[in-house]
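In order, the protein sequences belong to chains B and V.
Its first residue numbered 1, the first sequence is counted upward by one per residue in the numbering used here.
Its first residue numbered 330, the second sequence is counted upward by one per residue in the numbering used here.
Rather than coming from a laboratory, the hints here were simulated on the basis of the structure.
Even glycine gets a Cβ: it sits at the ideal position worked out from N, Cα and C.
As a list, the in silico DSS-like pairs of lysine-lysine whose alpha-carbon atoms are at most 30 Å apart: (1) V:331 - B:20; (2) B:154 - V:331; (3) V:359 - B:154; (4) V:331 - B:152; (5) B:20 - B:153; (6) V:359 - B:156; (7) V:421 - B:154; (8) V:331 - B:156; (9) B:20 - V:421; (10) B:153 - V:331; (11) B:153 - V:421; (12) B:156 - V:421; (13) B:152 - V:421.
A few chain V residues facing chain B, derived, Cβ under 10 Å: (14) 413; (15) 415; (16) 417; (17) 437.
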Amino acid sequence: MNVEQVFREERGRLLATLVKRFGDLDLAEEVTSDAIEAALRHWPVDGVPDRPGAWLLTTARRKAVDRLRRDQAYAARLALLQVEVDRADPPAGDSLPDERLELFFTCAHPALPAEDRGALTLRCLAGFTTPEVARAYLVPVTTMQQRIVRAKKKIKEARIPFRVPDPHELPERLPGVLQAVYSIFTEGYAARRTDLADEAIRLARILRGLLPHEREVTGLLALMLLIHARREARAELLEDQDRTLWDRDMITEGSALAERALTCGHGPYGVQAAINALHDEAPDFASTDWPQIVALYDVLDGLVPSPVVALNSRRHRHARRRRGRARVA
Amino acid sequence: MKYMLLIYAASDQQASCTVEDWIAYEKEMKDAGVLVSGHSLADLVTATTVQVGQDGKRTVTDGPFAETREVLGGYDVIDVPDLDAALEWAAKCPGSRDGGAVVVRPIAEFDF
Chain B
1 MNVEQVFREE
11 RGRLLATLVK
21 RFGDLDLAEE
31 VTSDAIEAAL
41 RHWPVDGVPD
51 RPGAWLLTTA
61 RRKAVDRLRR
71 DQAYAARLAL
81 LQVEVDRADP
91 PAGDSLPDER
101 LELFFTCAHP
111 ALPAEDRGAL
121 TLRCLAGFTT
131 PEVARAYLVP
141 VTTMQQRIVR
151 AKKKIKEARI
161 PFRVPDPHEL
171 PERLPGVLQA
181 VYSIFTEGYA
191 ARRTDLADEA
201 IRLARILRGL
211 LPHEREVTGL
221 LALMLLIHAR
231 REARAELLED
241 QDRTLWDRDM
251 ITEGSALAER
261 ALTCGHGPYG
271 VQAAINALHD
281 EAPDFASTDW
291 PQIVALYDVL
301 DGLVPSPVVA
311 LNSRRHRHAR
321 RRRGRARVA
Chain V
330 MKYMLLIYAA
340 SDQQASCTVE
350 DWIAYEKEMK
360 DAGVLVSGHS
370 LADLVTATTV
380 QVGQDGKRTV
390 TDGPFAETRE
400 VLGGYDVIDV
410 PDLDAALEWA
420 AKCPGSRDGG
430 AVVVRPIAEF
440 DF
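So here's chain V without its partners, still in its complex pose (with noise of 0.2 Å):
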């Protein structure tokens, strides 16, 4: 089963999590055979929102820029047997710690 992981970093997180820790928990992950994609997004001033209205014009606006303290800075797709098996993952990735978060959101599976 695949399960999205979103990573919500913490602005000053920066400072207890290094890039070897990141380096680690992603060379863990593909030892382990259960990654199946994964990034990290650029800073959030770099993004940009667009949105279709329905006369088919179509806006585009700077943004969004978090309220919050917290924003989306990457994700992973797992494929793991279960949650708990996806919530060890989060549990593991660097994002998790020192005021940061990890989403667990399984991918919905259709039958066609």
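Next comes chain B alone, as it looks inside the complex (with noise of 0.2 Å):
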């Protein structure tokens, strides 16, 4: 792994911890990037710390302390006594403790605007610059920094918890974190950009390391991962593709998920990424299992009643049908 990497991953987990011990993203941010900055400068010249994690938190509060101290309107709102109570207990193992859960949950709350989810998910989560976010969203920057300072204004004066939410909640809460996600990959999907879908798995894995038992979440990475392999195919209509160029692999490991996603109960994520593994492991087109995918365009409109899963039913099915005229004739 490169230096970018390793501040990749460790940004998002940074930002996390240090919203959950400050109360505020605003400050968060600033210190994340004040404690990469200082990362940049100082580990080429001495060496990666023992504790790369420890070092970055230690530096970050160390930043807000001073920013606190500069800063007279900061430090009356927030307490100051508690960042410094809690510079004096640095974390115990070589990583940050992994508090990103609470950070996926607060981009994706339902009281923020669904379009500036995404957004925000790949901002505080992917560590992307706001230029970058831009840049994903197909928007002028102006307008997603207008769009993220808005967002972030509410996520602080309406105080959005950085929590995660209880069991009861979550069928509620976990389809907006799941649908933040997917956003950043479907815009990734209709760019082209593959370094989106690709930001967007990750996402999702992290959130599968963070939420193991969720079906749904294992069903959206299942579902990405089996759009994503016919990557340097999809130039051409699914039935005109070169299946050679499929990612193999990644149809394992994603048609491995699905069936994981799909035991025990079912949601909308899980079924789809159950129709893409039957398009990913048919060998051609006219040999698809067509029942079954109708089957499951069944399925899914029972889950999510909604015009374009009836067409791609009423599709499959009209496919299904010529196939089996072409057959007879």
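With the hints as a guide, dock the two chains, each given alone in a separate frame, to form the complex.
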């Protein structure tokens, strides 16, 4: 891993930990950047410290205290003391504690505009800068800047908490988080940017590590892998695609995950993953398991009735009939 | 942190929300120690609007009368740790059901 990759990974963790400690996203973001900047300056000269996570956290806390001392308005509102006390308690392990799940739920909070949730997730958890987020969503940088400022103002002033919802709240809250991650994937897909799709998959992997027993998290990861596996061939329609270009490793992983996502129940992402697994595993278009795909679309239509699902369902029924006729002919 | 719950009950809602529902809701808030204050508002036909112009002249008019189906029917101010807790109370409010809505507004905090 190069330095940049290390920081992309650590950045989200550090930010989550600091947000949890300070209860202030702005301050946490500022000192996260400060700490990473310091690391980029010192580590190439002094060498990487034994415990990089602890080093970053201690540095960030020191920067926070500096900022609070300089900024009276901040200091008045925030518990300076809390930060001071916190400094005396460096993390025990080699790496930072993983408190990113809280941040996932904050970024995708239902009180925030739906179109901003993916953007905030990219920024806070994938470590994207605002211009990078703007490019991902194909909007001018100033527009994205305003949207992020407004969202952060709401988080702060309406006091949207940094917490993982209780188990009974999860069915209501988790779909928002999954939708935010999936929106990053679909944006990337529409813009033919594999880096964004990769990033969405990476975020889903992190999420799955944090919520290993939530089948829809597994389903979402499976779905994205099974679609992304066809990336090299996607310029053509599915029936014309050169299937030797498909990513076999990704299909194997995605199919196994799809199967796991559909044990003991099912949700919309798991079902869509299963549909894509059937496409990906078919040797050619004609021998696709159409009856199974139609059945899955019916299940999906029951879960999320939508015109698109109904249309796809009809399309696949039609495809099956067409194949049937072709065989007869 | 204090939040105001503005209760916009739908006009045809009375049938499904009983007085007992409202009494139970208020009692639950009191028992939980979150209720700061709250009132139901009298019928909208009793409302009067006052405006003072730049010349200091006072204008008093009857109304307003809502054009929409929903009117502000009451409010509660609650003191809870965060927005999630406030949204939880809003969802429990009888006024949020059957076409009604509860708008959650944080009370502004100023440092003097």
